[in-house]
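Trainee: Chains as they are written, first to last, in full-length UniProt numbering: chain A, 1 to 369; chain B, 1 to 369; chain C, 1 to 369; chain D, 1 to 369.
It should be emphasised that the hints constitute simulated quantities derived from the structure, not laboratory data.
Bear in mind that the values here come from a model prediction, so they are computed numbers and not experimental data.
One thing to keep in mind: the hints can contain errors.
Identical copies carry no separate label here, and so any pair may be met within one copy or between two of them.
As the list claims (entries may be wrong) - Keeping only pairs whose Cα atoms sit at most 27 Å apart, straight-line, the calculated DSS-like set for lysine-lysine is:
no. : residue 1 : residue 2
1   : Lys362    : Lys239
2   : Lys141    : Lys239
3   : Lys48     : Lys31
4   : Lys211    : Lys239
5   : Lys31     : Lys58
6   : Lys174    : Lys267
Number of protein chains: 4
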Amino acid sequence: MELGVGLIGTGYMGKCHALAWNAVGPVFGTKIRPRLVHLADATDTLAKDHAAAFGFEKATHNWRDLIADPDVAIVSITTPNQFHAEMAVAALEAGKHVWCEKPMAPAFKDAMRMRDAANASGKVAALGYNYIQNPAIRHIKRLLDDGTIGDVYAIRLEMDEDFLADPALLFGHKNQSASGYGALDDFGVHPLSLIATLFGNLEAVMADLSKPYAARIDADGRPQAVETHDCANVLIRLKSGISGTIQLSRTAWGRKGRIALQIFASKGTVTYDQERMNEFQIYIAEGPAADQGFRTILTGPVHPPYDRFIPAPGHGLGFNELKIIEANEILNAIDGRPAHLIDFAAGLEIERAVHAMAHSHKEGHWVSV
Amino acid sequence: MELGVGLIGTGYMGKCHALAWNAVGPVFGTKIRPRLVHLADATDTLAKDHAAAFGFEKATHNWRDLIADPDVAIVSITTPNQFHAEMAVAALEAGKHVWCEKPMAPAFKDAMRMRDAANASGKVAALGYNYIQNPAIRHIKRLLDDGTIGDVYAIRLEMDEDFLADPALLFGHKNQSASGYGALDDFGVHPLSLIATLFGNLEAVMADLSKPYAARIDADGRPQAVETHDCANVLIRLKSGISGTIQLSRTAWGRKGRIALQIFASKGTVTYDQERMNEFQIYIAEGPAADQGFRTILTGPVHPPYDRFIPAPGHGLGFNELKIIEANEILNAIDGRPAHLIDFAAGLEIERAVHAMAHSHKEGHWVSV
Amino acid sequence: MELGVGLIGTGYMGKCHALAWNAVGPVFGTKIRPRLVHLADATDTLAKDHAAAFGFEKATHNWRDLIADPDVAIVSITTPNQFHAEMAVAALEAGKHVWCEKPMAPAFKDAMRMRDAANASGKVAALGYNYIQNPAIRHIKRLLDDGTIGDVYAIRLEMDEDFLADPALLFGHKNQSASGYGALDDFGVHPLSLIATLFGNLEAVMADLSKPYAARIDADGRPQAVETHDCANVLIRLKSGISGTIQLSRTAWGRKGRIALQIFASKGTVTYDQERMNEFQIYIAEGPAADQGFRTILTGPVHPPYDRFIPAPGHGLGFNELKIIEANEILNAIDGRPAHLIDFAAGLEIERAVHAMAHSHKEGHWVSV
Amino acid sequence: MELGVGLIGTGYMGKCHALAWNAVGPVFGTKIRPRLVHLADATDTLAKDHAAAFGFEKATHNWRDLIADPDVAIVSITTPNQFHAEMAVAALEAGKHVWCEKPMAPAFKDAMRMRDAANASGKVAALGYNYIQNPAIRHIKRLLDDGTIGDVYAIRLEMDEDFLADPALLFGHKNQSASGYGALDDFGVHPLSLIATLFGNLEAVMADLSKPYAARIDADGRPQAVETHDCANVLIRLKSGISGTIQLSRTAWGRKGRIALQIFASKGTVTYDQERMNEFQIYIAEGPAADQGFRTILTGPVHPPYDRFIPAPGHGLGFNELKIIEANEILNAIDGRPAHLIDFAAGLEIERAVHAMAHSHKEGHWVSV
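So here's chain A without its partners, still in its complex pose (with noise of 0.2 Å):
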């Protein structure tokens, strides 16, 4: 049974979404087999090129086109943040499943909006929370509800990257507040999403934002006072107890792709860092003491859906095939069957974290989410 599948955007999660969609048939072998039908861009000629490139087969540089298209079943959105609301909203009013980017949309109102028409539409309404399809993530998960590692009381999660860490970079989009707080809902979704995905929801938080470059030079050579934060401290309780911390810096140099997460608990320790997606490390107090260490463990066929991709251990997948994962729950989902993903109210709450950690930025006291 084939699906038609709408793509609007085509930047770096655009062609993403595109493998992904192309993908995940063969490597699931998936009953519902997505067409790439239709293709969105800025202009009609990008659109073109992008289709042709990508593989669709009509292209567009109206999204509304797109959407009205009757051959397109599921919408994949990935424009900047501030027009998700308003294609998301469309698409699903149009009876179109959606899989939209994170995060949800820069204000909180427009988020709602967004998951109020997902409720009303009854159609599948995914974000592209990636990071939690990690068979590695997923296998944490089994270590925490089997009680492997007994119960959690702390965890720590840092999020870091650098392609705003030179400080001779002209001031641009990203340093201006109306792309938003900064690192906040840049990065923070993220660890807030394995945060949603592993441990359940925030209950209180307390932030430090700070801004490691007061200024940048423009491209006339002026400066210009940065807007946003390009780091975040903060410090995190959750409803069920735990404490933790999460840490972002969009200007971290020499991390490229860093989310680190610790988890400690009552009979051990988990950690993890994306920059090194295949592989976890446990900690159990158990066998003589003189045998106990961190255990560095290589995800496998062992760590479905591993096994989809590739039968020998070790060999490792890469981020864009936790894209194709993502696709295949989207389908599961779609197709009616229990799916693993963040769906527009469970996004909801992320971003009501993210909202919550500002304000208690500019409170400089706790403030409940």
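The hints should help you fit chains B, C and D onto chain A, whose structure is shown.
Mentor: Here is chains B, C and D on its own, set in the frame of chain A:
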């Protein structure tokens, strides 16, 4: 421009080829677009099921039908090694391009037949040595070529997995001499493909093969003498004057996909391990002594063709994506452009080295390659 | 020139001081030679046994006798924290140099008394913050001072061990508020000593303390409420404008002596972990992008005073050897030369920060230091 | 009970011995207390200066005076290798215990003379193979002995440093055949000491020696042919049936003190690297497959005799502290207790293996040891 692909064999590597042919177009935006036309498997039912799962149009239990199919321009051969020669020669003689999994053939004379058929055909005839396609390995090649680490004088290569490590495993095909020498041809060809790519040809070898477990129980509970050697240690000398070692094991508990490479040169050292395929290490003897150390470099868009997959560094490619790169090189070769591949002629030199190693083990002294 | 040493306390740190005083002469070829004169322990028998084992000439159960001994010029104080103030003040008033283990005293006013006594005495009064003596840390300080990594804007420090990780451990002294706040004073002072050495003073703090286990069984099998906080997460702001975090745990399974440091600056990043105390990592944003990565640097003779121990690099110093370096710094100070130490005045600022952190936890908002 | 120590030689290892003799008493609380009595160096001035620095009572330029000194019961020999035999034999004949640095002597017949003198004397005659004293190595020995990892079938050892890596270094003693074979005797003896301790005797060897730099410039600017081999690759077979390799380099840029050990056995794998001497890795094939991985174990008090230095785990010993453990073993041997040492008889087997390796290189085939 479309080109029809036929796939013979649907195991580990069969699926890997199917995924690569399916993905190479959108990933690389190739001019030539492979079309998945024909799939051959042991029975019609198996062939049909796999064709449906992988997205091939036709299915057959008879691989000769596939080769005879005028819609097929490229044949992927992923069957057990003993079938490679017959299929590859037939395909080349039928005027098809051939992408054949490694190694070429258990018997050297069959490998020669393949090479001769390739030469006679004028078609692209490439072997599935995908580890050479890793952006990390390609960058290491640039470091060697541009003199960054000076003159290489020594190398060490290790390839280890543990799929035969359990002494309780039943006596099987890989324990019988019909399967070949053991680790030497099963694994040795991969390090040899890296040596061929990075350092050139071997001059002489001296191997010591060993059997961790002299016997295994068969399905009837009777002990059977193991005929193959699961481990091999090899001294090597290259024509360029480089000295080195190759060390192989199919019984190395805990190693899942280790291909460890150490390169020692007059200005620095480079190391790499396939189990962490998205990074490599360089030590360069320059700058203040107090600040010198091994640099761990995460691959990114500055290490092509990583950029064709992901525009952000440190996000990681997977093993299967090396095969997509390889598929693109095959399209390059078909299109008459320079291609980074090990063709049947280069592959024959790898097989020659394997046989020389086996010979040196028997003789107990150095053997010229 | 000989100088008599008295040692009060013979536990973990007592032996460590004894070994350091014994070794510092031959390691550094010091002008002043410490002579192990007098040892005080709880009973005469204990004192005599330890004096014999460690090589001290005299033994006493009465530490005041030791302080009154005219042969003693330097007093090492390694008793439990609550005795530090009385002993240190007495020793200083008796005209002795004092080397006191950290922290100064549970009560801030006692720490102030110690600082005042030190000021009044004119003698050397140093605290046992030996982690700052690591050649790796000293080199990191040079990297900060000479501008190699640019301007620091953010730091993260973690200190974790697991000696209280087992929930089955009986209720004991460290679980009672008489022992202090918990991780905050037990551990927090170490990261604070690194901050004082590398980055200067704190301006404001905001802490969140937590108890992984609310109660523990006592020796009679009755549950007792745990009064101290084994974990602490702290947001910090420094006078220099640096933002950061300190994260502490005495219950982190698998962590044995982790003091992890991340330093983010405008030209690069530095990381360090005490569990691998003979190495550190630097990332510097210079040279070809494709060759940039974190360098792991093994300490060696180019990182003084490593050279006083071993002339070959990468051979490794031990924890106890940091104490030998510290002893040498004390001899430097006694000799009137510049010394790399945390004296009672600097130590008081560390204690001030700890109390401010505890206060901020209670208040739920930022507190100035 | 005191025992007088004489030290001949004051270089790298001379200081190391002095520090060990000075520290062993307080660290181990030994019954026998070494007294630093007599030091011999090339001139009286040098001897006096070093005696003062290291804390020896007497000084001489004539090592025979030291050996004749009735206050001296133990002689540490740390002079260049060519002097070992004469000094050790003289000391043993004078009824002294001898602690001699490795290797025994450049010529095998001199090493035999040393062994014979040791046998004739009835005194303790030990070699300075301190790497076997590491608590990590001792624990690995226990893991082998108690069957935790099953039957060992393969080993790989590498020893690499970079003190001769720079091709611009002037032609010197280590480049002349008078210094020995090169890496083989300079380094090879260390891996061989580990093999002797952990796995028993060698049966046959096959070596390939190489010269990274065929010539070096001497102090007069003239090129001189390098006579020694800075690199060696050796195939080994042990009497126990284990197969393996030893790989050595004195020109491996970036390696500072690497002695890497891989042990493959029927139930698991153990790895170790001297550059991180406070940890080792074990993989044991038990428990859920999805949770199996290499465990990194930090040494601690549960790995004796670490506990004699520090009561807390993961705090780390240093290279010099291995020598203190070795000194304690010598005191054990003198005291008639079991001692973990390589004596002159065991050391002779190591030298025998080195000469067999050199011979096998010349012959180009396997040589029995």
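Trainee: Take the hints in turn and mark each one as holding or not.
Mentor: For each hint, the structure was consulted:
no. : hint              : result
1   : Lys362 <-> Lys239 : both (23 Å within a copy, 20 Å between copies)
2   : Lys141 <-> Lys239 : within (18 Å within a copy, 41 Å between copies)
3   : Lys48 <-> Lys31   : between (29 Å within a copy, 15 Å between copies)
4   : Lys211 <-> Lys239 : between (30 Å within a copy, 15 Å between copies)
5   : Lys31 <-> Lys58   : both (24 Å within a copy, 18 Å between copies)
6   : Lys174 <-> Lys267 : between (42 Å within a copy, 20 Å between copies)
Going through the hint list in order, the structure satisfies each hint without exception.
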